[in-house]
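Peer 1: Sequence:
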Amino acid sequence: MILANATIYTADPSRPFADAMAVRAGRVLRVGGYDSVKELKGRHTFELNLSGNVVLPGFIDSHVHFIDGGLQLARVPLRGVRSKDDFINRVKEAVRDKHHGQWVFGGGWNNDVWGGDYPTAAWLDDISPDNPVWLSRMDGHMGIANSLAMRMAGIDKNTNNPVGGTIMRTTEGEPTGLLVDAAMKLVFDVIPEVSIHERRDALFRASRHALTRGVTTVVDVGSYFPGKSEKQAWQDFTDIYEWAHSVEKMIMRVCLFFPMPTWSRVCDLIHEKGRMLSQWIHLGGVKAFLDGSLGSSSALFYEHYKDDPRSYGLQLVNMDDLLKTTLESDKSGLQVAIHAIGDKANDMLLNMYDKVVDLNGMKDHRFRIEHAQHLAPGAAKRFGKHGIIASVQPDHILDDANSAGKKIGIERAERSSYSFRSLLVGGAHLAFGSDWPVSDINPLQAIQTAVSRKPVGWEVPWIPVERLSLDDSLKAHTISAAYACFLDDVLGSLSEGKYADFVILPCTSWNEFASDIPSHVLATYVNGKQAYP
1 MILANATIYT
11 ADPSRPFADA
21 MAVRAGRVLR
31 VGGYDSVKEL
41 KGRHTFELNL
51 SGNVVLPGFI
61 DSHVHFIDGG
71 LQLARVPLRG
81 VRSKDDFINR
91 VKEAVRDKHH
101 GQWVFGGGWN
111 NDVWGGDYPT
121 AAWLDDISPD
131 NPVWLSRMDG
141 HMGIANSLAM
151 RMAGIDKNTN
161 NPVGGTIMRT
171 TEGEPTGLLV
181 DAAMKLVFDV
191 IPEVSIHERR
201 DALFRASRHA
211 LTRGVTTVVD
221 VGSYFPGKSE
231 KQAWQDFTDI
241 YEWAHSVEKM
251 IMRVCLFFPM
261 PTWSRVCDLI
271 HEKGRMLSQW
281 IHLGGVKAFL
291 DGSLGSSSAL
301 FYEHYKDDPR
311 SYGLQLVNMD
321 DLLKTTLESD
331 KSGLQVAIHA
341 IGDKANDMLL
351 NMYDKVVDLN
361 GMKDHRFRIE
371 HAQHLAPGAA
381 KRFGKHGIIA
391 SVQPDHILDD
401 ANSAGKKIGI
411 ERAERSSYSF
421 RSLLVGGAHL
431 AFGSDWPVSD
441 INPLQAIQTA
451 VSRKPVGWEV
461 PWIPVERLSL
471 DDSLKAHTIS
481 AAYACFLDDV
491 LGSLSEGKYA
501 DFVILPCTSW
511 NEFASDIPSH
521 VLATYVNGKQ
531 AYP
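Per full-length UniProt numbering, the sequence shown starts with residue 1, numbered consecutively.
Keep in mind that a hint or two might mislead.
Stated by the list, open to error - In silico BS3-like links for lysine-lysine, alpha-carbon gap of 30 Å or less:
| # | residue 1 | residue 2 |
| --- | --- | --- |
| 1 | K381 | K228 |
| 2 | K406 | K306 |
| 3 | K355 | K344 |
| 4 | K381 | K273 |
None of these hints come from the bench; they were simulated from the model.
Computed from a predicted model, the values in this text were never measured in an experiment.
All chains should be built: construct the whole structure from the sequences, respecting the hints.
Peer 2: Shown next, in the form of structure tokens:
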């Protein structure tokens with residue numbers, strides 16, 4: 001195939017723009033002017049005249065929980081719910097379709113949207129007396145259970161907080177139904193397993209959804225959260241990804257990260273199969289958690305939460321244990337990705353990565369910090385010392401710009417939050433992602449957010465000095481995201497020899513695109529073949 005009369009942004013600094021591209025056998029054959037490309041035209045070449053339409057490399061989403069996202073598409077949708085009544089009504093509708101005793105699942109709620117009050121079991125009990133309910137908050141670090149679900153889980157006034165978790169309680173000590181981080185495991189342990197059939201359907205549902213947004217590759221950090229067993233991530237690998245590979249049903253690319261406690265099993269798998277199971281499935285590395293999230297008041301800070309002076313957040317792991325497993329994983333050649341949101345958590349992680357380099361030596365580690373959301377003064381510059389990857393989620397700004405000030409105070413929030421420009425200047429490699437299903441997969445919106453930093457209804461940007469250029473934002477969702485998972489030799493730019501994954505936008509000139517980033521893609525191509533619509 002030849003793309004002609006296009007406005008092609010390549011993400012390749014040696015040739016940033018082109019107006020034609022030839023594709024053969026799923027790879028980019030040539031990029032440049034039409035005259036140089038047309039000489040490759042043969043009898044069976046299909047030529048697509050784009051009349052100036054902008055073409056970008058396929059987007060890479062650097063942080064998703066892919067199977068969970070696919071499952072969530074079929075559950076109670078609570079994202080964007082703006083009132084208690086709307087919350088209750090959506091659950092009520094879902095209960096209506098359930099059998100007696102069947103679980104009701106949902107997610108995506110954000111209490112900050114309706115004023116800050118957390119939901120309680122009392123909101124749910126009257127409408128779900130015969131059905132256990134579990135509804136996760138948008139960040140995945142907190143959820144609400146109804147009273148029936150708590151009874152099944154054995155949660156009552158006498159239940160102690162587990163290590164790394166909190167059971168929220170009334171002033172009388174009664175559980176409210178809210179469980180934070182490791183406390184969620186109490187309910188997870190009594191939830192029946194989702195069937196293989198449902199989970200396989202979730203992969204296809206998730207893949208189709210991602211392709212509609214122009215995403216051709218995702219970094220799947222798995223169904224692994226504080227309080228959740230490592231077993232699920234491995235079951236998803238064998239039951240879903242290996243199965244889809246064996247029956248040739250993969251339609252987009254995934255890079256998989258596994259729970260860090262199972263690092264030796266990942267090493268064995270790579271030794272047996274190599275890093276690429278196929279062009280579709282890449283074995284990336286291991287993932288761990290250091291703290292929780294801002295919205296659930298479990299991100300770890302130096303200073304206390306403004307709305308809870310007794311709380312500084314939660315440290316979810318012992319640092320000696322984390323250092324030991326990071327050293328072993330890194331020495332074995334695995335890429336390490338660790339979740340850190342609060343400023344103290346990020347400093348602890350940067351200190352630990354310094355130690356790992358001292359002990360394991362200099363090499364191409366590409367350590368990742370997932371989220372890097374709140375940074376203490378000077379922390380952004382430390383990323384550059386070892387070329388650390390900041391795997392960040394611009395669209396979380398849309399939620400936190402309105403709520404971070406209430407959580408940690410306006411001055412702290414504006415000093416420390418989402419320091420994208422500072423990270424780049426400090427030498428970090430930026431990789432954009434969504435954290436789907438926490439935020440929706442939507443790279444064009446994420447790029448717009450990184451460029452403008454204006455949530456809906458805002459006249460002025462939030463922390464304007466941290467805005468990024470369009471070029472830096474595009475690279476963070478393409479070539480820099482590919483570098484962040486060791487796939488930059490085959491993905492991330494429209495360069496000769498790389499996979500022909502690209503998107504076509506409705507804009508018919510670069511100026512039109514730069515001045516008004518569209519909300520949708522016209523078409524998504526994987527391996528040079530149209531995958532959407």
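Peer 1: Do the alpha carbons of K406 and K306 lie within 30 Å of each other, as the hint requires?
Peer 2: Distance ~7 Å between K406 and K306 Cα, so the pair holds.
Peer 1: Is K355 within 30 Å of K344, Cα to Cα?
Peer 2: holds, 17 Å
Peer 1: Within 30 Å, alpha carbon to alpha carbon, are K381 and K228?
Peer 2: violated, 34 Å
Peer 1: Does K273 lie within 30 Å of K381 when you go C-alpha to C-alpha?
Peer 2: Since the Cα atoms of K381 and K273 sit roughly 38 Å apart, the hinted pair is violated (cutoff 30 Å).
Checked against the numbered hints above, the structure violates hints 1, 4; every other hint is satisfied.
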